[in-house]
Amino acid sequence: MDNEIHTILANIWFLIIGLMLFLYVVLDGFDLGVGILSLFTRNDKHRAIMMTSLESIWDANETWLVLLGGALFGAFPLVFAITLQSLYVPVMVMIFALIFRGFSFEFRHHAKDITLWNLGFGYSSVLASLAQGIAFGGLIGGLLVFDGNYQGKVWGWFTPFSLLVSVGVVSGYALLGATYLMIKTEGSIQVKCIYQAYVAAALQITILIAVIIWIPRFNPYFAARWANNLSGPYISFFLLLAVFAFFMLLSALQRRFEIRAFFWSVIISLAGFTAVAIGYYPFLIPASLGLSQAASSSKTLIFMLAGIGFLIPIMLVYSGYQYLVFRGKIQIDMPME
Amino acid sequence: MEILQDSVFLSRLQFSVTALFHILWPLMTVGLSIILVVFEGLWLKTADIDCYRHAHFWAKLFLLNFSVGVISGLPMEFEFGANWSRFSIMAGEFFGNILGFEGAMAFMLEAGFLGIMLFGWTRVPPIMHLFATCMVALGASLSAFWILVANSWMQTPDGIHLENNRVVVDSYFDAIFNKNMPWGVSHMWFACLATSLFVLGGLSAWYILNKRHTAFFLKSFKLAFLGVIFVVPLQIFIGHNSGKEVFVNQPAKAAALEAHWDTNENDKGAAWNLLTWPNKAEQQNDWAIAIPNGLSWIATGERHGQVQGLKAFLKGDQPPAILLIFYSFRLMVLIGMYFLAVMLWTAVAWISGRLTVELIANNPLLLRAWIAAIPLGYLASECGWIVREVGRQPWVIYGILRTRDAASVLPTSVVASTLLAFIVVYSILFVLFLIFASRIIRKGPDLTLTP
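Going down the list, the protein sequences come from chains A and B. For what it's worth, the working numbering labels the leading residue of the first sequence as 3, then goes sequentially. For what it's worth, the working numbering labels the leading residue of the second sequence as 32, then goes sequentially.
To be clear, the hints were calculated from the coordinates, so they are not data collected in a lab.
Derived list of chain B stretches under chain A, where covered just means 3 residues or more per stretch with a C-beta under 8 Å from a C-beta of chain A:
#1 126-137
#2 151-158
#3 442-453
#4 459-471
In this text, a Cβ means the ideal position worked out from N, Cα and C, and glycines have one as well.
Only chain B is shown next, with the shape it has when bound in the complex (with noise of 0.2 Å):
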């Protein structure tokens, strides 16, 4: 394997071996905080004892994911020093700045009120304790929306220019709600929250399956269904619309993600492709099922509208691996269409009145549509992020860097070790947090907890 022996590409490897494992886990942080801001919200209010111990349990699973988020972020802010040092000192100034952001704005919050909201349960008042829960769920949103400007700001690069091959900030503004940031931002917070809401609401259908503590489940499960209710419609808008803002910004990457090759004549509509082969080699789809029109119809909003293909690019400028990305992208709308499909389905039975202690159970397939669900948002956000960063290439700073002179100048030998050591180390945390995260679920929940 002689791209093996290529540090630039090893260190790629590499970044996206620890981005696709960390992503894992913020997901849950971000969303699961906020529910159980709204746990303990209502346990202040209603007073009803369930949500109290609603929100311990769910603690006990936030605490596994958020320290396995926490200890597999912390190379990566590293590996921009490390591995892409050129980068770094080109980009330095906006990018650093904005890691820097994230570092006081959210990181700092988050850990602050960690332990008070983990173990602080009897030493400060219920309301004070509330807070602390606000605002480790306030520095988790925070994070991701930090993290997406740095990320979107790759995408866009606007509000700068290049002064001797640094980065200057023109305008700071521009620079963070650059022309990517508000649909990147928004789609990864719902990603976030689909994502955790359908962990909620697939969990509590698997208790109810086993008959556990069905009424203290249903509970949580109805809950996760009036999240979902407003998080996956919009989703799905969201998604659309940044789509839509690719092909404006972006059209290489929205070419490669639809292997759409040759731009469409003026009175002709550029055809769909629902499934295809894309021959990079040969510049072309070697088979396609397609839609007349309909790319047109998707990306422009009219039948003949023009798309540029991805032959408008010279072959070293158009993006690797476009078989991955096209169909990473489908398997992302797929899972959406699936948690609209639940969702719906979930809606008819509550307005039939089914979803009662005493009914539910009779209804095994719908639970099992949910616990189907579980793991299902982790990978719609993998796919995303595999479609948003491989689609990106070859560069690292849209239209500035590309990914190759991005890269410090390391001794291959070093950077296969610690690439190694990195899937090693992840896949080992993996099996070891679904042991302990099995063994908390199994276990249950406290049902004789008082405060």
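Bound-form chain A, shown alone (with noise of 0.2 Å):
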């Protein structure tokens, strides 16, 4: 009965932090994704509105980041513990291109010359978005983890595997970047957007195939899982969702359905990620760390979710609410900087 109170609570924990992570892709995702961007404009005033669209926003988005850590640490100690020791060179490169970025955001404002500052926050930008994909790389290309402990190399994650994940990642931010800036921009600039689109999608569905094609030849436990009766028909499904979801944003851009558009980019990445979090359950260190065994015990989970998780909806509603306040096409004709 313990047992599985406790594994009915960390299953939810497991979906809380599902959920956060999905939060923090998407939005941050969208935002590192305008980073992105900003490099391929000379236009000075595209360049403008792209900043101003992040402006009110962007510490937000990144604050789901210290949340799901927090979270992470809280429910399953081992996993966090395990993992940022294990990628602990991605994960610095990821947190100092982060502090590059949000300081080349903010100070842009106050600097005589910008130009520096416009690229400083382009590249960290590319560079956070390529740490986490890597980082995601290593996590699902395995970690050697042996009685709790990290075994591996501390280069152990550097793999072909992780990179191509991590272009994987960095085309899926674009893609959100671009359909995001969809619907705050209009005329040249969002011309531009859906282009830019077109093309990032098409990377991302392709590496998406690519990636999960390639899993199974590795990790004979996700093969497992995706022959077997009871979970392979969701991997497909979540498989197939995503080449739809693709083929609805193609309709979307051409007609240019602004919301439409971001909304099927959204989906992408959630089927792609759904697919691959079927094929590695209930493990959340792949192959070596299972969900409850990894879990803080049930009291702390009751707690946490009592602090935590009844606070979601509320975040959900008031950060809701600050999007709405700023809702609308962005317009400069304001004196900017």
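Got two chains here, each in a separate frame; can you build the complex from them with the hints?
In structure tokens:
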């Protein structure tokens, strides 16, 4: 009985953390994506519009990462510790990139020559996305864990597989950024975003399929889950959903349906990620650390549920309110710098 | 340097670099956000347009400060897992839980209303804007609360037991309201207020001294002073009591911050070292200027009260760097006394009617005393954290987990690289902040601004 409750609680926290990760990937994903795309514009007015579209929200978007870290730390301390320790290098690279990105963004207002700051913002966005992708690739590529300790090398995450995943993450973020900008812009800059969305989406869906076909070749557990009659159909379903979302996106782009384009971009990432998660379930650190085994005690999970779980709807309401206040196309006829 | 070959030592150094740098920014985020609430509330209540302009002007500095706070705070959460994985595994159940609370209750609240507070003036009604400012301030203070809960639990780890070398919580109430927590939380919160008030008052004094917008800045100067009257005496009271708490619960730390080696005998009081040169190798002070019975008075309130000396602990259980702890503590106390003196001096000036637009410039020394106070709150807070954290050594969780056993197993070269990167990046960040903040300050407020 106690064990059952513990398993249920561990699964609830697995879902909550999944939700936080999803919100982070979508929200900071488009945020980082706008940063990536800012490298591809030479037009100062366009750039000003792109930056303004992030001004009131970038901090809130990045905060989901902090919340994700805290929740993982409390609910699955082993996973938190082992993942961060074994992915030390990409995590630190991501942190430094986010530091650079944050201060390039905030300090550029006060700078006399902003070219350097703009480049800093763009490149640190790329670097942060690459580092997140490579860390995620390293994680699903498999970490050598034995008896609750990381046994691998400090560069163990650096493989062709994780590199591919990281390019996939960068293109996914770029797609989210492009479709977010479609909502916030009009005219020539919007046309450019649509074109960029086509390229990013094509790249992302190709890599997504390649990654999911690649995993069973080195991970027999994933292969077995896919072949299995219980879980297999779900993996295939979400993979197909990703492909379907890709075609829906193409049609939305063609017809300039702004909200729909963003929606289907989100679905591509969500479906791809869910397919991977089902393939690994119930392992949090693939093939070595299971859900219940890694979770904190039931008492802590319940206490955290009371403190964090019930706040999530409230957080979503006021975060949504902030988006509502700043809705609409960006206008920059007002003095910018 | 053999010690630089030690990855645990490098991780410690990295954590102290990131923590000492990070703490500079929340001081103002917490304090200034409350000051912004006051200005905005005063504007709505009195319709004084200057309060509206004050709110806008200080918000610029707030944003710059806030950004550095956010980006320098991010690494710390991840360092727990990356550099201190054994600590995280052992204590995550409570410590991680509290950090999660901080994220959900404090950071999200702050971030969720920050955009409206900074850029939403024309988009929401004034009362909604005030609400947003209040939520930012509440979020900042809640974040200080939860962080100090987590840190004070590392000082006095109550409400838990160990199972398979992992922390299991018996009572959340005891763990959250641990013995050190009331003092830790209040001392830090008041440090934020005091630092921010002296920055507000000091910068206002600078404008007045330079004859820029005297009437405008006299308002903020007086507001700062009114805050200081409450905050400084209370902070000194809290500081004194939190010191007494340390004597009860962390006697080795207390003995280190007073460089007190020998436990006094029953019929003799312990002397209080005003200045000294502690020598850990010899387990004594090379020289000392001391007040007889002083330490017994301070720690126990009695002339002959017994105070445990450092020698009561094994050498391996004594904090390192006693010289650093001893003088950091003294510097912090000295700054508190300076604040008190400036407060009294200003009170006298106000009572004798010299704090008016016409007369205030005739008192340049008083204004300079306030300007000099601008960096002192920061310095005192840094000293306080050094005393608190170095004094807890060699433990990371006092009496339960030694720092040495808390670290991740990482190659020295990797930790050395990230440590170096933090030092370089943070130095650049610090200099840039100073450059841009001074640009905002030199430019001054926009006195044509209307709602």
